[in-house]
Amino acid sequence: MSAAPVIPAPSAVATPSRVSLRVPLRLAWMLARPTATGLSAVALPITAFALVTALLLTVVAGGLSFLRWQDETGQLYLALAAIATALLVVPLITLGGSAARLSARRRDERLATLRLLGAPASTVAVMTVAESMMLAAVGALVGILGHLLLMPLVQLIPFRGEPLGGSVWMGPATVALVATGVVVLAAVSAALGLRKIVISPLGVRTRQEAPKLHWLRAVVAVAVVSGVAMVMGTLGSAGDFAVVVVVLGVGFAGALGVLNLAGPWLIGVVARRQVRSAGTPERLLAARQVLDSPKDAWRQVSGVAMTSFVAVFGGTGAALMSAAGPLEGSERFLGDDVRTGVLITIVASFLMVACSVGVTQSSLLLDRRDLYVSLDRLGMPVGTVNAARSRAVMVPLLVVSVGSALAAVVVVLPLAGLALIFAPLSVAVILGCLAGGVGLVVLGLRATRPVLAHILRTPASAL
Amino acid sequence: MTTTPPDPLLPRDHATVPVVLSARGLTKTYDATHALADLSLDLRAGESVAVMGPSGGGKTTLLHCLAGIITPDAGQVVLHTGRGTTDIARLSDGERSALRRSTFGFVFQQGLLIPELTALENVAVALMLLGVDRAGAEHSAAQWLAALGLGGMEDRRTGQLSGGQAQRVAIARAQVTGAAVIFADEPTGALDSGTSAEVMDLLLRSTTGTGKTLVVVTHDDDVARRCARTVRLRDGRIVSDSLHAGAAA
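Chains as they are written, first to last, in the numbering used here: chain U, 1 to 463; chain X, 1001 to 1249.
Hint data in this document are derived by calculation from the structure and do not stem from the laboratory. None of these values were measured; they are calculated from a predicted model. Hints are supplied without guarantee of correctness; some may be wrong.
[As the list claims (entries may be wrong)] Here are some, though not all, of the chain U residues that point toward chain X, as calculated from beta-carbon distances under 8 Å:
(1) R68
(2) E72
(3) Q75
(4) L76
(5) L78
(6) A79
(7) A81
(8) T85
(9) L149
(10) L150
(11) Q274
(12) L285
(13) K295
(14) D370
(15) G379
(16) P381
[To be verified] From the derived model, a few chain U residues whose C-beta atoms are all more than 10 Å from chain X:
(17) W69
(18) L80
(19) T180
(20) A191
(21) V224
(22) R273
(23) P281
(24) L284
(25) Q289
(26) L291
(27) L371
(28) L375
(29) L378
(30) M380
(31) L431
(32) V451
Beta carbons are placed, not taken as given, at the ideal position from N, Cα and C, and that holds for glycine.
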C-alpha cells in the first residue's frame, strides 16, 4: 500500500501594498474570455451593443443628411429630425444601458465573490468597466458593419421628393465618434450598475428583499402631466410654428421623464395585486418575478412606452397636416415626409423593443439556468415556465403601453381631439402601432424559447 | 405488484419488503464513457439508500435514470404502486414530467428554491402544479414548514433564510405532494457538519419515518452511515451493497 502523498504547507506569498491597474485588467480579460464564461455570455451583450451602434449610426446619418438643405423648410426638417432623433436616442440609451447592465449582471456573482475574497473596490470597479468597454467595443465594430450594410437601403428613402442618396454617408470621424459614444455609454452604465456590488457584496449574492418604490413617484408624475397638459392647452394661441415645435419637444421630454418615474411604480402596484390574486403557478411566478424588480420589468418594455408616445404624437401630427389641406412650394412634401419620418421612428422603436426583450430574456434564462433545470426536474412543465416568463413581460407591457398612450393623449389633448374629429385615421395608426408593438414583443419572447429548450436539453453543465 | 429475486449481497429478510422502484440492466453511455453498465437495483418501501462512489462513477446518472429525468440507453426502471407497475423508461417526456410532479420528490445540493417566492409559496407551488387551489396548497405548505421547524418563516424569501433553513424548505417542497420516493443529490453538500446532521435528521424522519423511500447521492461517509443501506458504484457498476445495523432508519 503506498503512503499518502504529503502536501507541503503553502509558504506565505508577498502581497503588494498597492494593486496596479494591470491586475484588474488581466482579471477582466480572464473573466471576459469566451472560454471562461461560455460563448453566449459574451455573444448577447456584443449583439445588443452591435444593434445599438447600427441603429444609432443610421439615425444620426439620416438626421445629418438634412443639413444640406439651407432654406427655411430645411430648418423645419432639421427641427423635426432632431425631435425624431431625441425620440430614438432615449430608447437607444435604454437598450444600450440594458446591454451594459446585462453584461455587468453576468459578472455579479464572480465580482461579488472577488469582493468577499478581499479584492479592493477599485479592482472590482476597473474590472467591471473594462470588461463592459471591451464587449461594447467589439459590438460597436460589428454595428459599424451592420450600418454599412443598411446604408444602401437607407439611401432609397425619399425626402422632399427625392431619395436621400449619397448624402446619408457620414465621414469616418463621425462614425468613430458615435461608436466611441456607445463604448462610453457602456462604461457609465457598468459603473452605475456596479455600485451595489462595491457597497454590499453580500446584498448581491443573497438577493435579500424585493425593493419597494415610493408612491411619491406617482404624485410627481401626475403633477408633471398636469403641468405639461396646461402648457399644451395654450398651444392653440401660439401662431409661430417654431414655438409649437419647441413646446411639443419640451412636453415630450417632460412626459418621457414622467414615464420613467411612474412606470416602475405602476408596474410594482399591479404586480403586488397580482401576487395576492394569483391562482396558478405561472401567474404567481410571473407576478413575483415582476415584483422582485419593477425597474427591470419596466426597462424591458419601456421601448414600447416610447413607441406608444411616438404613435400618439406622430399620428396626431400627420392627421393635423392632412386636415390642413395640401401645402405648396418647398413645403409640398411636408405631409408625406412627416409620415415617412413617423414610420421610420416607429420601425426603429419596434426593433429596439424586440432586441431589448430578446436580449434581456435570453440573459435571464442563462443566468437562472440552474433554477430552470431544477424546476424541470421537479416536474414543472416547460409550458408553465414559458407562460410565467411570457406573463412577466406581457402584463407590464400592456400596463405600460396603454398607460403611456393615455399619458400622451392627455399631454396633446387639444390636438388629439382635433385629430380624432378631422382624421380618425390617426386613431387607427395609434391602435395599429400598439398592436404591432405587442406583437413584436411576443415574437421577441418566442425567439427565446429555443434558449430554454437548449438549457433543458443540456442540463449537465447546469446541475 | 411484481417480485424480484433476492439480492445475494443483502440479508434475506430485506428481500421481504415490497419493492417500490426496480432497475434492471441499466446502461447509459456518454460519448465513450460508460456512466451505467448493466446495473440492476431494487429500492424498497421505507428504506433509505445512500449512493456513493468516486466522481464520474455513475451516481448522478443512476439517480436521474431512476427518477425519469433521463432515459437509459438500455434496461428498464419499473415503478411499483398500488395501481400497478410502470416502466418509466418507456414513458414520454411529458409523462415522466407528470410522474416527477406526483410521485417523486427532489432535494438538490443548493436547495434551488425560486428566489422571488416566499418559503410558503415555494412549497405551495409543488401542489399548485398538481391542480390544488392556492389556499389549500398554502395550508398544506404551512403545515409542512411548521413540522420542519420553520413556523413563522413562511413569508421569508430564499435570501433571508440560512442554508439549513433553505434545505428544510426544499425538503418540505419535495414531500408536500405525498411523493413515494425522495431523491436527494448531495443534500448536505453545502452545509456545515452541525447543520448537515440536523438536515439529515429531518430528511430521514420525514421520509423513511413515514414509509417513504429515500435515495441520497453523497460523498459524505457521515451521511451514508445515517442511511439504512449503502450502494457503492464504480465505473457504472455496483461494487458493494450493504445494510447498516445502527442506521437511523
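Here is what the structure says about each hint:
| no. | hint | in the structure |
| --- | --- | --- |
| 1 | R68 | violated (54 Å) |
| 2 | E72 | violated (57 Å) |
| 3 | Q75 | violated (52 Å) |
| 4 | L76 | violated (50 Å) |
| 5 | L78 | violated (48 Å) |
| 6 | A79 | violated (46 Å) |
| 7 | A81 | violated (43 Å) |
| 8 | T85 | violated (38 Å) |
| 9 | L149 | violated (40 Å) |
| 10 | L150 | violated (39 Å) |
| 11 | Q274 | violated (12 Å) |
| 12 | L285 | holds (7 Å) |
| 13 | K295 | violated (14 Å) |
| 14 | D370 | holds (6 Å) |
| 15 | G379 | holds (3 Å) |
| 16 | P381 | holds (6 Å) |
| 17 | W69 | holds (54 Å) |
| 18 | L80 | holds (44 Å) |
| 19 | T180 | holds (38 Å) |
| 20 | A191 | holds (25 Å) |
| 21 | V224 | holds (31 Å) |
| 22 | R273 | holds (15 Å) |
| 23 | P281 | violated (5 Å) |
| 24 | L284 | violated (6 Å) |
| 25 | Q289 | violated (5 Å) |
| 26 | L291 | violated (7 Å) |
| 27 | L371 | violated (6 Å) |
| 28 | L375 | violated (8 Å) |
| 29 | L378 | violated (6 Å) |
| 30 | M380 | violated (6 Å) |
| 31 | L431 | holds (34 Å) |
| 32 | V451 | holds (18 Å) |
The structure is inconsistent with the numbered hints 1, 2, 3, 4, 5, 6, 7, 8, 9, 10, 11, 13, 23, 24, 25, 26, 27, 28, 29 and 30, although it conforms to all the rest.
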